[in-house]
Every structure is written in C-alpha cells, then in structure tokens.
Amino acid sequence: MPRAIPLFLIVAAAMLAASPFLIDAAPPEATMGLVQKIFYVHLPSAILFLVAALICGGSSAVYLAGGRKPGADRAAVAAAELAIIFGLITIVTGPLWGRKAWGVWWAWEPRLTSTLVMWLLFGAYSLVRRFGGPGSELLSAGVGMFGMALVPFVYWSVNFWRTLHPKTTVLPTLPASMGLPLWWSFVAFTFLFMALMGLRMRVERLRAAVDDAFADAEG
Amino acid sequence: MIKRIATTCGLLALSWTVAAQQTAPDGFKPFDENAPRETLPAAPLVFIAYALAWVALAFYAFTLFRKVSKLETDLAELRRAKR
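Just so you know, the protein sequences line up as chains V and B, in that order. Taking my numbering as reference, the numbering of the first sequence is continuous, increasing by one, and the terminal residue is 219. Taking my numbering as reference, the numbering of the second sequence is continuous, increasing by one, and the terminal residue is 83.
Because the hints were derived from the structure by calculation, they are not lab data. Errors might be hidden in some of the hints.
To be verified - Reference excerpt, derived from the structure (chain B facing chain V, CB under 10 angstroms, subset only):
(1) Lys3
(2) Arg4
(3) Ala6
(4) Gly10
(5) Leu12
(6) Ala13
(7) Tyr60
Unchecked claim - From chain V, some residues computed to sit far from chain B (all C-beta separations above 12 angstroms):
(8) Leu54
(9) Trp108
(10) Pro110
(11) Gly135
(12) Leu196
As the list claims (entries may be wrong) - Derived DSSO-like pairs (lysine-lysine); straight-line CA-CA distance at most 27 angstroms:
(13) V:Lys167 with V:Lys69
(14) B:Lys67 with V:Lys69
(15) B:Lys70 with B:Lys82
(16) B:Lys67 with B:Lys82
(17) B:Lys70 with V:Lys69
(18) V:Lys100 with B:Lys29
Backbone N, C-alpha and C define an ideal beta-carbon position, used for all residues, glycine too.
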C-alpha cells in the first residue's frame, strides 16, 4: 500500500478529532443559532461531492478519448463512489440544518433538487458499473461525463434562481472566527478524501490483478 | 354531441359538490402570543449531522481496508498456486 494513504488518514483523523473544539469555539450565527454549526460538516462534504464529480467526469473523458487507459477508468470508478458518499453526507446534513433554519426538511428548490439529481446520477453510474456487464465501463464513462456537466448548474444554481439556500457569496464574507473552523474541517475532509480515493483505486487495481492471476491459473 | 355535453355537465356538477364539501375558514384570527409554538432543539440535529457523517466515513474506510486485505490475500494465494 502506498505510504501516503495511512499518512493522509492519520492527518485527517487528528484534524477531525480536534475539529469539535474549534467548531465549539466558533460563535453561533445571529439568526440561525446553534444549528448553523452543521455548516462545518455540510459545506466541506458538498465541495468534495462536486470535486469527486469533476474527477469522475474528467477521468471518464480521458478514458474515452485517451485510448482506454485502465488508470483513468479506476480513478473514475473511485471518484464516482466518493461522490455517492460525500453527496449522501451533504443530502442528509442539509435537511437536518434546513428543518430548524427553514422549518422544512426538504424543499424542491433549485439547489436541493439539482444536488439530488446529480447524486442520483452517480448512483446510476455505480449501478451501470455493477450490473451492466461487459462494456459497462464505456456506458458508465458517458454517465460520469454527464454528471460532471451538472456541476456548474449545482454550484451556480443559488445565484441564477431564487432559492432558500444561502448564495455562494457567503464564503468570502465569513468572519475569521467562523472561517478558521470551516477551513480546518475542509482540509481534514480533503485529506480523508485523498486517502479514500487512493484506497478505492487500490481496490480496483487489486481486482484487476486477481482477475489476471485467475485467468493465468485457469489458462 | 349531446353525450359530450352531458359528460361535461356531470363533471362540473361533481367538482361543484366536492368544492362545496370543503369547509371554508371562518376568517383570520389574531396572533396569540401565548399560543404554544414549535420549539425544535438544535443540539440533537447538530449531533446527528456530525455523528452520521463521521460514522459513514469511518464505515466506508473500514470496508475499503477489508476489501484491500481480502484481495491481497486472494492475489497472494493465486500467485502461490501458480508456482
């Protein structure tokens, strides 16, 4: 196993262990109060959901256009699974925040709906991959690219349409007392993301090696 | 033609009956300061959000480590069998 994976995991675990103290020290938001602290887990997971979608789509494009390199396919598969995990965290933590802040668990407004559609698309990617049979890597690569195309819509949906969700302008205006725990949490999640990405790619590499070794043993 | 008119009239009568059954509000009532209001505590929501996120990520990391370990064992066995 590459040495970077356990190193990233240790750094992420240490930073995540320290994050409750920073989050606790951050002041509660004036109108939303304590529930706004969900922001420090919701936003990093949402950003990494978009990053995973971009990696999956980019790797799929490289796979389709760049001579079917297995490395690109492995990166796309790993990123799609991470998009599902981080997307799930985003979709679950958002309504927990929204229930208190907006009074509803869910609203069919542009940001929430586009995020759900994108998440379902990566679910479709994984289903195609698992049950699609031979040639499913080409079909799933197309789905991955379509998922990547949704990223700008999800990101800018809050600025284009009238929505309950806070706009993208929230981040630059964040005071330092709230910015520190946010970026701390984001860096911790990013280290975890990189470790999980490396591990998931390793699973794919080992699966291919096992298949080859099995074919050799049979042949 | 007569059949169509009769069907339209029938549908209109049915919708009027349904609308009439719905009771209209008596009117606006002034806001009562002492009326019980929904007070949803924030702490459990924050706790659930963090717990779910961390448990999901830890579980996913655990399953990946298990898969890697199993595949490494399988690969080693296959290579040993080949020799």
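These are the hints, each one checked on the structure:
Interface hint at lysine 3 of chain B: violated, since its Cβ lies 40 angstroms from the closest Cβ of chain V, which is beyond the 10 angstroms cut-off. Proximity of arginine 4 of chain B to chain V is violated relative to the hint, the smallest CB-CB distance being about 37 angstroms (cut-off 10 angstroms). Of the supplied interface hints, the one on alanine 6 of chain B is violated, with its beta-carbon coming no nearer than about 40 angstroms to a beta-carbon of chain V, more than 10 angstroms. Proximity of glycine 10 of chain B to chain V is violated relative to the hint, the smallest CB-CB distance being about 35 angstroms (cut-off 10 angstroms).
Hint status for leucine 12 of chain B: violated, given a least beta-carbon distance of 32 angstroms to chain V, over 10 angstroms. The beta carbon of alanine 13 of chain B comes no nearer than 34 angstroms to any beta carbon in chain V, farther than 10 angstroms, and the hint placing it at the interface is violated. Given the 10 angstroms rule on beta carbons, the hint for tyrosine 60 of chain B holds: about 5 angstroms separates it from the nearest Cβ of chain V. Leucine 54 of chain V, annotated as away from the interface, keeps every beta carbon of chain B farther than 12 angstroms; the closest lies near 20 angstroms.
Separation of tryptophan 108 of chain V from chain B is adequate, the least Cβ-Cβ distance of about 21 angstroms exceeding the 12 angstroms criterion. Residue placement check: proline 110 of chain V keeps its beta carbon more than 12 angstroms from all beta carbons of chain B (closest about 22 angstroms). The beta carbon of glycine 135 of chain V is kept farther than 12 angstroms from every beta carbon of chain B, the shortest such distance being approximately 23 angstroms. Against chain B, the non-interface label of leucine 196 of chain V is violated: not every CB pair exceeds 12 angstroms, the least being about 6 angstroms.
Taken as a hint, the lysine 167 of chain V and lysine 69 of chain V pair is broken in the structure, with Cα atoms around 39 angstroms apart against an allowance of 27 angstroms. Restraint check for lysine 67 of chain B and lysine 69 of chain V: satisfied, since their Cα atoms lie roughly 23 angstroms apart, inside the 27 angstroms limit. Between lysine 70 of chain B and lysine 82 of chain B, the direct Cα distance comes to roughly 18 angstroms. Compliance with the 27 angstroms bound is thereby established for this hinted pair. Distance restraint check for lysine 67 of chain B and lysine 82 of chain B: the Cα-Cα separation of roughly 22 angstroms lies within the 27 angstroms cut-off, and the hinted pair is therefore satisfied.
Restraint check: the Cα-Cα separation between lysine 70 of chain B and lysine 69 of chain V comes to about 25 angstroms, which is no more than 27 angstroms; the hinted pair holds. Proximity of lysine 100 of chain V to lysine 29 of chain B is assessed by CA-CA distance (about 26 angstroms); at most 27 angstroms being required, the pair is judged to hold.
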